[in-house]
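Q: So the chains spell out like this:
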Amino acid sequence: ETGVTQSPTHLIKTRGQQVTLRCSSQSGHNTVSWYQQALGQGPQFIFQYYREEENGRGNFPPRFSGLQFPNYSSELNVNALELDDSALYLCASSSARDTDTQYFGPGTRLTVL
Amino acid sequence: QKEVEQNSGPLSVPEGAIASLNCTYSDRVSQSFFWYRQYSGKSPELIMSIYSNGDKEDGRFTAQLNKASQYVSLLIRDSQPSDSATYLCAVNRGYGGATNKLIFGTGTLLAVQP
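Line by line, the protein sequences give chains Y and B.
Under the numbering used here, the first residue of the first sequence carries the number 1, and numbering increases by one thereafter.
Under the numbering used here, the first residue of the second sequence carries the number 1, and numbering increases by one thereafter.
It should be emphasised that the hints constitute simulated quantities derived from the structure, not laboratory data.
On a predicted model such as this, the values are computed, not experimentally measured, just so you know.
Take the hints with a grain of salt, since some may be wrong.
[Claimed, not checked] Ranges between beta-carbon positions, derived for each pair:
hint	chain 1	residue 1	chain 2	residue 2	range
1	Y	ALA80	B	GLU57	25 to 33 Å
2	Y	GLN41	B	GLN31	34 to 42 Å
3	Y	ARG51	B	ALA111	30 to 38 Å
4	B	ASP78	Y	ASN59	39 to 47 Å
5	Y	ASN71	B	ARG60	16 to 24 Å
6	Y	ASP100	B	GLY59	17 to 25 Å
7	B	SER26	Y	ASP100	15 to 23 Å
8	Y	GLN41	B	ASN22	12 to 20 Å
9	B	GLY9	Y	ALA80	17 to 25 Å
[Claimed, not checked] Once the Cα atoms are required to be at most 35 Å apart in a straight line, the calculated DSBU-like pairs of lysine-lysine come out as:
hint	chain 1	residue 1	chain 2	residue 2
10	B	LYS56	B	LYS67
11	B	LYS2	Y	LYS13
12	Y	LYS13	B	LYS56
C-beta: ideal position from N, C-alpha, C; glycine also.
Chain B on its own, in the form it takes in the complex (with noise of 0.2 Å):
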């Protein structure tokens, strides 16, 4: 079993629609959560973070954290052809002294059809 876990798809949406990327993960522990949005031949951009169960919202984009469940979710609403790109989970593992490490999943292509 990996550690995080996504579709890799292609998920298309159509623009105007909400979009909805998921992920598990598999260390229990795991205390932080990131987002990051991934163009084309571009590197990592932080989308969101998220510490706590429940949802957390900034602009379009809502992250949604279920502990109990290892599952971590992000809604894009009113998505945007702009917003195609991979979009990458991401677990710190920095926890008990350990590095401060991102352990990532092999991120889900979203695509927005115009």
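Next up, chain Y with everything else stripped away, as it sits in the complex (with noise of 0.2 Å):
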């Protein structure tokens, strides 16, 4: 257990509609990492927060936005859901002390029909 927790735990949404997931960071961790896993492939890094502001972005359209909260915890938005979009989103915290490691939670399950 890394101290990271994601929810919800699954969720099925329909094509157009609007998703939002949440993570808590491991306590002391002020970094929170959003990556996509998609099936049979490795997770692919969405946005970085820290401090609040968005530090780093990868290269995922803008409909794809999250927040930061002062506890350090998390959303991501996902708005007019795709196919595409069904994948397994994993939230990742690390610390100021080292902020190269990265811890995920458990993750979050989208299917979108």
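Take each chain as given, in its own frame, and dock them per the hints.
A: Structure representation (structure tokens):
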């Protein structure tokens, strides 16, 4: 157990809908990164939040957005869902003392029908 | 060329044998490297990190790094059926002020046969 929690565990949505996924970082960790893992692939970096600001973004469209709160928890929002958004969404946290090392939460499995 | 490449496997080894998992990366200036284990339907779990050339041992696991050859490997000694999982190699691109993002390979599926 890493201490990183995510909710919900599973989610089913239909194309065009919007979804919000939530993450609580490990105690003492102030940086949260989000990844998308499609079936049979490695995780792909979506974006990272540090001190409530976006601190880098991967190759994802603007309909993927996020927030970080003062307690370092974070949300990932996806608008206008597409079938290809079906994936495991992973949140990872890291500390200021060791920014390189990221610890993953259990993930949210999103299915878009 | 993918930034991080792994053989997708499956790599099948008998129980008690050494499993050798390999990874190559394309960005020569990468500084930190990680191995994650992922069981089916679960999230990645950090096994090892390595930053310097050479070997780093932790229990039954040894990570090896060769920056000149841009090559990272993971050896698992005395493999157990419980080691059967997908092993993900990751390279951190957080240098020069850039974001500490992990670039993953597609993973190697390891199957340890009892």
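Q: Name the hints, by number, that the structure is in violation of.
A: Hints 1, 2, 3, 5, 9, 12 are the ones this structure does not satisfy, whereas the remaining hints hold.
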